[in-house]
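Knowing the structure of chain A, use the given hints to seat chain B on it.
Residues per chain are reported as follows:
2 protein chains.
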Amino acid sequence: MKVLLVFAHPEPRSLNGALRDVAVKELQAQGHEVRVSDLYADGWKSEIDRADFPSLAADARLMPVAASRNAFGTDTLTDDVKAEIEKLLWADVLILQFPLWWFSMPAILKGWVDRVFAFGFAYGVGEHSDKRWGDRYGEGTLVGKRAMLIVTAGGWEAHYASRGVNGPIDDLLFPINHGILYYPGYDVLPPFVTYSVDRLDEAGFEPVAESLRARMRTLETTPPIPYRRQNGGDYHIPSMQLRPELGEAVAAGFALHVQDETAAG
Amino acid sequence: MKVLLVFAHPEPRSLNGALRDVAVKELQAQGHEVRVSDLYADGWKSEIDRADFPSLAADARLMPVAASRNAFGTDTLTDDVKAEIEKLLWADVLILQFPLWWFSMPAILKGWVDRVFAFGFAYGVGEHSDKRWGDRYGEGTLVGKRAMLIVTAGGWEAHYASRGVNGPIDDLLFPINHGILYYPGYDVLPPFVTYSVDRLDEAGFEPVAESLRARMRTLETTPPIPYRRQNGGDYHIPSMQLRPELGEAVAAGFALHVQDETAAG
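Quick mapping for you: the protein sequence lines, in order, are chains A and B.
All letters in the first sequence, in the order written, are residues 2 to 266 by the numbering used here.
All letters in the second sequence, in the order written, are residues 2 to 266 by the numbering used here.
Calculated from the structure, these hints are not laboratory results.
Accuracy of the hints is not assured; some may be wrong.
Put simply, identical chains are the same to the list, so a pair is met inside one copy or across any two.
[Said to hold, decoys possible] Here are the computed lysine to aspartate or glutamate pairs in the EDC-like style, where the Cα-Cα straight-line distance is at most 20 Å:
#, residue 1, residue 2
1, Lys46, Glu12
2, Lys46, Asp81
3, Lys88, Asp43
4, Lys132, Glu158
5, Lys26, Glu211
6, Lys88, Glu221
7, Lys26, Asp235
8, Lys83, Glu27
9, Lys132, Asp235
Bear in mind the structure is a predicted one, so any value in this text is a computation, not a measurement.
So that you can see chain A by itself, here it is in the shape it has in the complex (with noise of 0.2 Å):
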């Protein structure tokens, strides 16, 4: 397979850095084809700005959907983004690997998702009328790829656990698993996430290593999450609300959008 691994961490000799190289060096010795997009390397812009759309007439109003709209349809994205976007069509898997900062990715690859999916390739895809909105959540661009996320936390597993205080990981990975991975397509695996980190000593990342590998060997295999398909049947349309039928062993949030077998589980 083809692999696309998005790295996001300024320092090469960080933990972060250490795994990209492991599972990189996995990947490869199972014969697959790996690409590395080092956004802070390649010193990546992370700001929508008017420096994204050079067809945007100099006095006109900056609308970034619009914009992202026009210049995806006339090929005109600047460079940096167009090579982005052939990678994620050349890749069969995409791989995002960052350290978790206030509970989300870093800036830099916020502005990578938000520069590099543009409307018409990551979303605005597919008909939008009263019987259908849209090709996403299942279906889209990207779809028939596999996506997931390495993640290293600071915070102790049991803060992250089901009760913990920081809130469960799954939930707060879902805005990211779900809503950027999933929406354009993507079967999305289970997060590889690496707890207490500032705490690893030598001792403790040869299993990290271990984990990380066996993670990378089984990444044909390994049964996505398996989240609702917008288009699937479960959600009413236009509303794309969940039927009421649905999800009653979950009683709200995120989990709903997950099928049942396995939010029982």
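Just chain B now, kept in the frame of chain A:
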């Protein structure tokens, strides 16, 4: 009161720009002092990198948490970050205003959080031991102050409802409201969210503006989201698991961390 509004949209002639002007004007009419951090206009730097820590040796490994701790402790943070910290200490109320991009804040605002919320200022505050895990979630440097979000979303309100396909808006904003604002001590007011903004015309604007004015007039009196205090007795220390007898009205998810009387409403 003193109000700091952090604004994160690239276009002053946007709906967000218009709503900002409405909010600032109403706050001033109420006699409040207002300062605005306009991140795009100020050319805010989004990425945490070595340039943030001028006292770090050129060949030293950059460990963001340790570097932040050292720089805050030795007053060697960069001037742009120091200026924002000074504003946060000045303000009684913090407002973050942004368009919802990919179910979270734009990269430039995430970069404001990543860089300004330094160790010793917004996290790593207070005793960390088996008896106490820091002053956070209801305690901390910014305790006694209020915060709220002003958010615009392109999607339909129904798609963000409790059973909508995007996930409930309160859950999508939990990593920000609870993880970024409540964490360093703010009382967090319910967010002001405007939906379907790409379809909002001039006739639709005035009701939104009037609702926003009403929220600005009640900044001091609106009850905050009743998140549970970490050190208020609801969580086991140091595992920070919610006590098993709590949250019975809520099966799972972020709503566990809101006191039951509200979650049941």
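Which earlier hints can't be squared with this structure?
-> Hints 7 and 8 are the ones this structure does not satisfy, whereas the remaining hints hold.
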